[in-house]
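Assemble chain U onto chain R, guided by the hints.
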Amino acid sequence: MSNTVHDMGGMHGFGPVEPEANEPPFHAEWEGRVLAMQRAMGAAGLWTIDGGRASLEMLPPVEYLRSSYYRRWFLGLERRLLAHGLVAEDELAAGRSLRPGRALNRRLTLADVAKPPTRGNFARPAAAPARFKPGDTVRTRNINPPTHTRLPRYARSKTGTVEAVRGCHVFPDTAAIDAGENPQWLYTVVFAATELWGEAAEPGLTVSIEAFEPYLEPA
Amino acid sequence: MAAEDHSAHDHHHHDQHGSELSEMQARVRALETILSEKGYVDPAALDRIIETYETEVGPHNGARIVARAWVDPEFRARLLADGSGAANSLGHVSPVGSHLIAVENTPEQHNLVVCTLCSCYPWEVLGLPPVWYKSAAFRSRAVIDPRSVLADFGVALPAETKIRVWDSTAETRFLVVPMRPEGTQGWSEERLAALVTRDSMVGTGLVTAP
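Those sequence lines, one after another, are chains R and U.
Number 99 in my numbering belongs to position 99 of the first sequence; there are no gaps in the numbering.
Number 241 in my numbering belongs to position 22 of the second sequence; there are no gaps in the numbering.
Just chain R, same shape as in the assembly (with noise of 0.2 Å):
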């Protein structure tokens, strides 16, 4: 869902930022069994890093509010496991398998993690030139998709400039809900905060998103 309450950014009401001093890797041990789970289910495949963050906004607004990061992944990851069969309400409530569990294209081993994980590239072939290049000035769309997608409220219909072509990428509000990669070209597009926070922002101050091409049309 794109109009709920992950997308943050501007709001007010939250309070002050609070840094902790020597801040350990996890708060508890079970924060850390949470990553690993999320690490070694999506070597399955069954979903995308979109299909993820999605299931993560699917969460009602007040569950989603109310929960640390990692307890927002792991009610995600249940809903995930639920979603693809691969777990049942039932065994969740009784705490242990009642079934044989299903056959998984890849199970992820000691052996596929003796050394630190290294990201995916998104990057694909692009099906067509990009449209703009940097310099360019460009409006984003008014879109206010039910889906997934990565351009936050507040840069909806605003004017800013291409700054960078960043190459052409997975598309998340397409792979988020398996239709598919539909490679996109990705841009750096910088705003005046004037321009998306009115003439009261703080002059000088500009603000940038990384806009997929749709997400864009020429100004």
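What the hints contain is simulated information worked out from the structure, not anything from laboratory work.
Nothing here was measured: the structure is a model prediction, and the numbers come from that model.
Be a bit skeptical, because a hint or two may be false.
Straight-line C-alpha distance at most 27 Å; calculated DSS-like pairs for lysine-lysine [said to hold, decoys possible]:
| hint | chain 1 | residue 1 | chain 2 | residue 2 |
| --- | --- | --- | --- | --- |
| 1 | U | Lys-353 | R | Lys-158 |
| 2 | U | Lys-353 | U | Lys-381 |
| 3 | R | Lys-133 | U | Lys-353 |
| 4 | U | Lys-257 | R | Lys-115 |
| 5 | U | Lys-381 | R | Lys-158 |
| 6 | R | Lys-158 | R | Lys-133 |
| 7 | U | Lys-353 | R | Lys-115 |
Distance windows between CB atoms, simulated [said to hold, decoys possible]:
| hint | chain 1 | residue 1 | chain 2 | residue 2 | range |
| --- | --- | --- | --- | --- | --- |
| 8 | R | Lys-115 | U | Ala-249 | 26 to 36 Å |
| 9 | R | Pro-129 | U | Gly-258 | 39 to 49 Å |
| 10 | U | Gln-404 | R | Ala-179 | 47 to 57 Å |
| 11 | R | Pro-24 | U | Ala-428 | 22 to 32 Å |
| 12 | U | Gly-402 | R | Gly-95 | 53 to 63 Å |
C-beta: ideal position from N, C-alpha, C; glycine also.
This is chain U only, laid out in the frame that chain R set:
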């Protein structure tokens, strides 16, 4: 590991985590039991994944990249042109995936990185994101009032320094190259790397010499 990040902000906010603890510990244990009984996960592999993030992947990797950029103008130019390629040319830094973009602070421009939509963060060079980076307070305010966010970190920039905020809305990842502090001429790369904090590579801190 990078030096102490927040000596001026030594407070802890664990209430949210504390209230979740027993419930989450039980639910997570139950899920892991189910997944391992079904043969989907190998608990030893899970242990190793956790160990990786606790001991190997962290801001020391980013700090080495920054320190090299400070002492080697040719590397600095390559880093700013191709972050992933330059980072991967340093053998002592763990491999960095594609799409790493390095952005350099100057007296004219200060860079700040955020992910307003989730919590995208350059894990390979900075490790796991801190809780504040994933917080609603940071994600909401960084793009509209970054100077007040910096104030929460005890950072006050000169009025003439313009702020540029990078919202990580795709799979590109951003590493801020902070300004090298005065008084560090002739320092070794290793000594410089020890000064570079995690926060300075996100843009919520500055590097200072002792």
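Non-conforming hints, listed in increasing numerical order:
Of the numbered hints, just 3 does not hold.
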